[in-house]
Amino acid sequence: MSLDGIVTRALVHELQVLAGARIHKIYQPTDNEAVLHIRGQGFGKKLLLSAHPSMPRVHYTEKPWTNPMEPPMFCMLLRKHCEGGIIEEIRQDAAERIVWFDIRHRDELGDLSIKRLTLEIMGRHSNLILLDPAAGIILDSIRHVTPAISSYRVVMPGSPYVSPPPQGKRNPFNGLSEASFREALETALAGGDSTSVSVVTGAGGGAKSDAMAANAVPNAKALAGALVAAYSGISPLLAKEIVHRADGLQEKLWPAFREMMEAFHHHRYEPSMAETADGRTYFSAVRLLHLGGTMRAFESMGECLDVYYGDKAERDLVRQRTTDLTRLLLNETAKNEKKLEKLRETLIEADEADRFRRIGELLTAHLHQIKRGDASAEVIDYYDEEQPAVTVPLDPQLTPTENAQRYFRKYTKLKNSKAVVSEQIEAAETEIRYLESVLQGLETATPADIEEIREELAEQGYVRLRRSARGAKKKRGDRPSLLCYTSSEGVPIYVGKNNTQNDYVTNRLGHPTDTWLHTKDIPGSHVLIRGTDYGETTLHEAAMLAAYYSKAKESSRVPVDYTRIRLVRKPSGAKPGFVIYDGQKTLYVTPDEAAIRSLPSQIKQV
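Residue numbers for the sequence shown follow the working numbering, beginning at 1 and rising by one.
Possibly wrong hints are sitting among the right ones.
[Said to hold, decoys possible] Cross-link-like lysine to any residue pairs, in silico, SDA-like; alpha carbons within 25 Å at most: (1) K410 / D381; (2) K221 / M261; (3) K80 / H52; (4) K551 / A595; (5) K418 / E314; (6) K415 / P393; (7) K80 / S54; (8) K553 / K221; (9) K46 / E62; (10) K415 / E314; (11) K553 / Q584; (12) K25 / L139; (13) K46 / D306; (14) K80 / S150; (15) K551 / Q602.
Just so you know, these hints were derived from the structure itself, not from any lab.
Based on the sequences and whatever the hints tell you, model everything.
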């Protein structure tokens, strides 16, 4: 992972300003994250401690978090032992991804004691543990590890704290010299990845490893793997960068390694993020020259992580909290599509109703030629100019007249069903469009939007709300909080991100002369430009927002309709978010995420 021991070192260095600051409030917005509101001399900061299985990290955050109505047990324990406490010390365990926060706090008796909050950044084994360092006993953790899960150590209240198993690697900041480096590298090469390129060795090769003695020079991949195996705190990503700066040559590796470690030793970092040609994004405490692509520098490592994980973490949280809704909507869509398929088959049959009437009339004209028990009858088709003979299937159990009546009844049934089936097809298509609009709302939802979508689905009869959620709805009222952008010309642009917000934007917020935008025939947001005093720039930016908050977010040249809001209306009894409109014009825009992020935005309750 990108967050290695070196990135952790940079983060811990930035957090040193918190020494002596007070923990004002503690929240636990998710199962894996805790947020500490910290106040110091002339500053206030929010510190995120995350033990997320795929996104563990620690950094300042400006992101607003939605907290549960009832704090989890671990949060309550943190408040008991740490809230109001003073941060005494923040340090890293050697070059590992383990951070210790020593917090001085008064207990119920007024006595001062030290508690240690330990964040272990270890991928899916990450954890946040509160312990008593004097006794070495765990008070609690955000994730419990039982003997059934791990035979090495137990992480449960009352258990002794045992550090994660050592990896046997060297600390790159302790006793670093060229001799120790070459020894560590050769040991790693001898016991690690033997991938190499066979060449005839020449002069100036330096100290020879076993691989070198066999006339094999380790290639860049082997050298990077050896660095990871030899030293703690170095991720494969950083190792590749070091090898790149050494031109992939073993004899140049020591100067490149020494230069980088000396910079880190003196806390000289270059927090940066690189986006490669295939769209992947990486971050590190140095500039990742070996990746190429687009590079973005940051003032601090924490800011880099906040940007990198911001949207990713939020989308992951929304995905966790809406898994049941997504599954429900996909199942309902699949059921309606299957129903639609059968209805269309029935409609095709209904279109053949006249054929059954003709057969009934032909049988009636040939009754004298048909006997009971016949399985078929050959009749002349008088409706065809050539009057060919056609064979008509019969029910042998019926009389000739009853067989004719059977075809007339089928004709009547199909004729009458055509109108009903057409209505059912229209209803199924409408429901599919509605379900797609809700799915689109989930894709762009923030944690704060989830309950609005649940309430909407409950009103439509798809889910049942919990009692606490019903009470919360009554308290909140019917004025949703809306995302409002400010265009380059200073004009407010409102965006509805789900059907509840869309209805409010279009039917209650908008004035008759405001401009309304929506992607053409594509599920998406209702967008509103406030007022009439705006130019082409604002219109283009609003159209881009409509395309960005739609199912066509990843497409180019997305058609966006726009018209005055007085020409937009909601049919009686229509599903949430559904409107019809006229007088529209169409723009074609390509969503540009960077341009959208550059526009000022805020959440407003209007």
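For this session: Mind checking the alpha carbons of K46 and E62 for me, to see if they're no more than 25 Å apart?
Result: With a Cα-Cα distance of about 7 Å, the restraint between K46 and E62 holds, given a limit of 25 Å.
Exercise. Does the alpha-carbon distance linking K80 and S150 stay inside the 25 Å limit?
Worked result: violated, 29 Å
Exercise. Holds or violated: K415 with E314, Cα cutoff 25 Å?
Worked result: Violated: K415 and E314 sit about 53 Å apart, past 25 Å.
Exercise. For the pair supplied as a hint, K221 and M261, is the alpha-carbon distance within the 25 Å limit?
Worked result: Measuring from Cα to Cα gives roughly 20 Å; hence the hint holds.
Problem set entry | Distance restraint between K551 and Q602, which requires alpha-carbon spacing of 25 Å or less | holds, 23 Å
Exercise. Is the Cα-Cα distance between K551 and A595 25 Å or less?
Worked result: holds, 19 Å
Exercise. Holds or violated: K553 with K221, Cα cutoff 25 Å?
Worked result: violated, 38 Å
Exercise. Is it true that the CA of K80 sits at most 25 Å from the CA of S54?
Worked result: violated, 29 Å
Exercise. Would the pair K553 and Q584 pass a check requiring their Cα atoms to be no farther apart than 25 Å?
Worked result: holds, 21 Å
Problem set entry | Restraint check for K46 with D306, where alpha carbons must lie at most 25 Å apart | Between K46 and D306 the Cα gap is close to 12 Å, so the pair holds against 25 Å.
Exercise. Is the straight-line distance between the alpha-carbon of K415 and that of P393 25 Å or less?
Worked result: Holds, at about 21 Å.
Exercise. Can the restraint linking K25 and L139 be considered satisfied, given a maximum Cα separation of 25 Å?
Worked result: With Cα atoms ~19 Å apart, K25 and L139 stay inside 25 Å; holds.
Of the numbered hints stated above, those contradicted by the structure are hints 5, 7, 8, 10 and 14, listed in ascending order.
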